[in-house]
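Participant: Sequence:
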Amino acid sequence: MKRIISLLVILVLLSPASGFALELDGGNEIERQAADQMVKLGIFRGDGVSLKVDESLKREELMLLIARLQGKELQALTTNKRPDFTDIADPWWEPVIAWASDTGITKGTSKEIFGFGQPVEMYQMELFLLRVLGEDPTVEEAPQLARERGLLKDVEPTEVVSRGIGAIMLKNTLAAIPAGENVTLGTLLGLGLVDSEEAVLSIVSVMQTGERELTIGLNQSGFEKDFKMTRRKMDVVLESVEVEGNEMIVTTTLPLFETKYTIQVEEATASFTPGDVARPARLQIVTDTWTQVAYQTDQIWVDYRLVDQYGQEITDQSILSQISWQASPLVSVEDNEEGRLTINNTGDREWVSGESWLVLQGILQLEEKTLLASKQGVIESVKGIDTIEIGKIKNFLGDQTAFLQDTIEDDDHFYALPVLVGSQDRPVLAAYVAGEDGILNTEDDGLLLSASSTGNAEVKWTLHPDDDDLAVIHVVPHGYPEEEILRVTAVDRFTGGYGYQEIKIGKVSTLDTFVFFAPDQMVIEDNLTELPFEAYDQYGMRMMDYASLIQEVELDPGMPSLRFEEDQETQVVRLIYRPTEAGVQTLWATANGKTQSLEIRVYEESRPVRIGGLAEGVRTWMTENAQITLSRNDFLIYDQYNQLVDLSNGFMIQLAEVDDEDAVVASTDSISGTGTISFSKDADFGAKTYEARIGGEGYKPFSLIMHSVDVADLDGFGMETIGLLYDYSRKVPLTDAYPQLRSDYRKEIRLYGQVGGNQVELWVDAQDSDSDLREFSTRGPIERVVDGQKAFVQATQLSQEGSMDTATVYATLNYGSYTEEVEGNIMVSDANSQPSSISIEKDDRVALKRGERFDQAANKLMINLNHFLEWDGQDVYYDGNDRIDALYFQVSDQYNVLSQFDPARYTIIYDDVEDRTGITIGSSTGVLSIDESRIHRGDRFRIRATTDNDQSAELTIELR
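Heads up: the sequence shown begins at 4 in the working numbering, then just goes up one per residue.
One thing to keep in mind: the hints can contain errors.
In silico BS3-like cross-links for lysine-lysine, where the CA-CA straight-line distance does not exceed 27 Å [said to hold, decoys possible]:
{"no.": "1", "residue 1": "K845", "residue 2": "K793"}
{"no.": "2", "residue 1": "K156", "residue 2": "K228"}
{"no.": "3", "residue 1": "K84", "residue 2": "K231"}
{"no.": "4", "residue 1": "K236", "residue 2": "K372"}
{"no.": "5", "residue 1": "K597", "residue 2": "K110"}
{"no.": "6", "residue 1": "K231", "residue 2": "K43"}
{"no.": "7", "residue 1": "K110", "residue 2": "K84"}
{"no.": "8", "residue 1": "K84", "residue 2": "K61"}
{"no.": "9", "residue 1": "K43", "residue 2": "K84"}
{"no.": "10", "residue 1": "K61", "residue 2": "K110"}
{"no.": "11", "residue 1": "K43", "residue 2": "K228"}
{"no.": "12", "residue 1": "K43", "residue 2": "K845"}
{"no.": "13", "residue 1": "K263", "residue 2": "K228"}
{"no.": "14", "residue 1": "K263", "residue 2": "K114"}
{"no.": "15", "residue 1": "K863", "residue 2": "K845"}
{"no.": "16", "residue 1": "K228", "residue 2": "K845"}
{"no.": "17", "residue 1": "K61", "residue 2": "K597"}
{"no.": "18", "residue 1": "K43", "residue 2": "K156"}
{"no.": "19", "residue 1": "K43", "residue 2": "K61"}
{"no.": "20", "residue 1": "K863", "residue 2": "K114"}
If you're looking for bench data, these hints aren't it; they were derived computationally from the structure.
Build the full structure now, drawing on both the sequences and the hints.
Facilitator: Below, the structure written as structure tokens:
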């Protein structure tokens, strides 16, 4: 029987998350590239320094890699089960191997021997990865089948698998087509990054998600894809293009007009018109298998969906009724026009499970195109309820799973736990265990549900009063019971499906496993670092009472810098580590007889050591009398870890002349603080070399060549882009939407020439007719301004209030004995900005802590109780030592320009807060006040920000 192991690839923060790349030591180029891709997917992590590509891959390591592939790493590390194998030399690996054995990933080299410490042989790697693709070959069949499925592409013949070869084969697996599918596994998972090279790139969807924003869906990752957007055959100016998996988020500089745009990604193209009415774009058959209905074995139910060009489901019956459905052989099709088909056997012979075939096709004829969906397969008999899961539903009790356990002797006390009937993808009913013996009959779904206990506990089912799709079980223990069993049973009256699950109740959980992790940021010597840690009880449930847990955990006595620290007022517990020296440190902790060790690389403090070049756009060519001025920000500075850093005030850039050419002269020989250095033409035209280095460091200096060139030798001319100016003539006196800066409405004219592919700084002196700029003029709502030697253009009053218009500036240049004319286009906008929308933004420079996340689509922040500190009326502060803004309200005006408006009012909405007096907002100051002694884990509330013209946004905060 074939089985596909689902690959749910988790994007995790790697140990060098601060930006320090892992070294790709050893192996060939293909192996190193594959290993780098596995790092990007969070599957390979290395030791914090190197991926050790050329080292052999151990059998136990491969089990952990597969756990990461399935998104089951934490379960594999914390399972209570232990393997039956007798050769596991290191207890740390026991839960991982037990998990792999229990899930059928490995059977060991024999019944009692796993093969611990042994390298993975090629035939073993082939077997494992073929099973991932739904195959189950013999040892003899594996090599040929692996070659046919493409698993051995780019793999050199070898007996033992190295980490580099393993990376290639994992990549090839994601680029292969699983059994029963017609697309690659990478495509099924949305991982175009590792799809086969032959896969054809296509644009799946284009959706307008903002006034200046488009979200473009691809069938592959958009990573390093060339993008172009045009309107009326003219390029659209883009502000940014960001890639998130298979989506590209494109932001334009100007609002999108209601006209046709052309999108091009590599060779794939699509057209899009903002404001288009939603129209059918894709017809899909959702049902995976043809399954007979119980008691009506001559009938099958099939679900389908019709989606528009934005990926949203269409439910309009007037459109669904136009779909024509046909099936064969000898069947009839009935459509309820709500997304479900009933297929009846009209032939003389009954369907035979596993033998009878069914072909289904749906057609929707539109004016411009035809939508088609088809599927065929073998008819199967009813298999019953997909599954019943206890304690695995998100959002009912938060992401943490609850557990049924009695903690107090109280007859009124009851348990709370989620139950799922059906499957995670298509749930039939969600149950919320919150118990008298009884049965719940849900008429719509045809479910009979029951729950009973083996002891004295009472169990009763009810439907949720506010949600008919949610069932509730009340379990009342009646005292402090011995261990009992709660059985939850479900019977589907329509299909005859039956399923149940049991769970133990009554025992107080105790500490079983303690795990701690390397922090997400770099660990620096002599700096205090908080190490994330988790604790699990004997049921594998996470324990949150850390204050009592620390009494049961023994930390490394040889490492006094590792300790627990508890806040006596809030009872928040942190695991603190302050390393005293750089290097690789090994830490360990023991709980319940189990020891976990952790290697952490401690780094010296980052310091600037070398100059790697000049920033993008910095010119090194100039004409006579022109001058180039550089600051320290114009240099690319690297630290000892080869990472780009800012140069602090304590360091200096030194410049030294390499030759004695008279072409260029420098104003000084060093830059420090906010200082600058200027270069100008000396006696002759030509080039001169300087060496720049960080003062006091002995690294190789950066060679900087400055050039001076005769304007007569230039190949062409251009004008710097000016962009957008604001007309302040009608500016409302109290409006502070834009800074009162001259550059908002006045910009300097800067000119450049080109020679040999280089941009040359031109000499602009508005008072000297001999300068490279002879004269300039304007057209439209701008005027020419001369201020000293500099030439400016300044916005004038627009003809219509609240409008936007275009203007042009023309410049005539001296070109030897000739003249040349260049021009630049400018947008002029009314500066009377008004609040138009509020969004909640996440500071990309601030990383959330482990286990915390911000759902931008729902504007929901889920954070640990001890990390939430303060709200100042605008920004959520995150980390009291550094006061870093994690989230903030951002107000935009009618031009979709980010403005400096502050919301005028803030309101707290208490969704689920035990003590509302612990969270308040001052009526006059708008500052949020939190009494940490009164807030509780699980509290959930919203902050609503409202502007004077009633624009509003809400941020949901949930404390864990």
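Participant: All hints, please: hold or fail.
Facilitator: Status of each hint after checking the structure:
At roughly 40 Å between alpha-carbon atoms, K845 and K793 are farther apart than 27 Å, so this suggested pair is violated. A C-alpha spacing of about 24 Å is found between K156 and K228, which places the hinted pair at or below 27 Å, so the restraint holds. Taking the CA atoms of K84 and K231, the gap is near 54 Å; set against the 27 Å cutoff, the hint is violated. With a CA separation close to 25 Å, the supplied pair K236 and K372 stays within the 27 Å bound.
Taken as a hint, the K597 and K110 pair is honoured in the structure, with Cα atoms around 25 Å apart against an allowance of 27 Å. Proposed proximity of K231 and K43 is supported: the alpha carbons are some 26 Å apart, at most 27 Å. A C-alpha spacing of about 16 Å is found between K110 and K84, which places the hinted pair at or below 27 Å, so the restraint holds. With a C-alpha separation of about 22 Å, the suggested pairing of K84 with K61 holds against the 27 Å cut-off.
Distance restraint check for K43 and K84: the Cα-Cα separation of roughly 31 Å exceeds the 27 Å cut-off, and the hinted pair is therefore not satisfied. For the proposed pair K61 and K110, the alpha carbon gap of about 16 Å is at most 27 Å, so the pair holds. Under the criterion of a C-alpha separation no larger than 27 Å, the hint pairing K43 with K228 is consistent with the structure, at around 17 Å. Among the hinted pairs, K43 with K845 is consistent with the structure: their alpha-carbon atoms are about 22 Å apart, no more than 27 Å.
At most 27 Å may separate the alpha-carbon atoms for a hinted pair to count; K263 and K228 meet this at roughly 22 Å. Taken as a hint, the K263 and K114 pair is broken in the structure, with Cα atoms around 66 Å apart against an allowance of 27 Å. Of the supplied pair hints, the one linking K863 and K845 holds, its CA atoms being roughly 11 Å apart against a limit of 27 Å. Annotation: proposed proximity of K228 to K845 holds, straight-line Cα distance about 25 Å (limit 27 Å).
For the suggested pair K61 and K597, the alpha carbons sit about 23 Å apart, so the restraint of at most 27 Å is met. With a CA separation close to 21 Å, the supplied pair K43 and K156 stays within the 27 Å bound. The suggested pairing of K43 with K61 holds, with an alpha-carbon distance near 21 Å, which does not exceed 27 Å. Using a Cα cut-off of 27 Å, the hinted pair K863 and K114 is violated, with the two alpha carbons roughly 49 Å apart.
The structure fails to meet hints 1, 3, 9, 14 and 20 from the earlier list, while all remaining hints are met.
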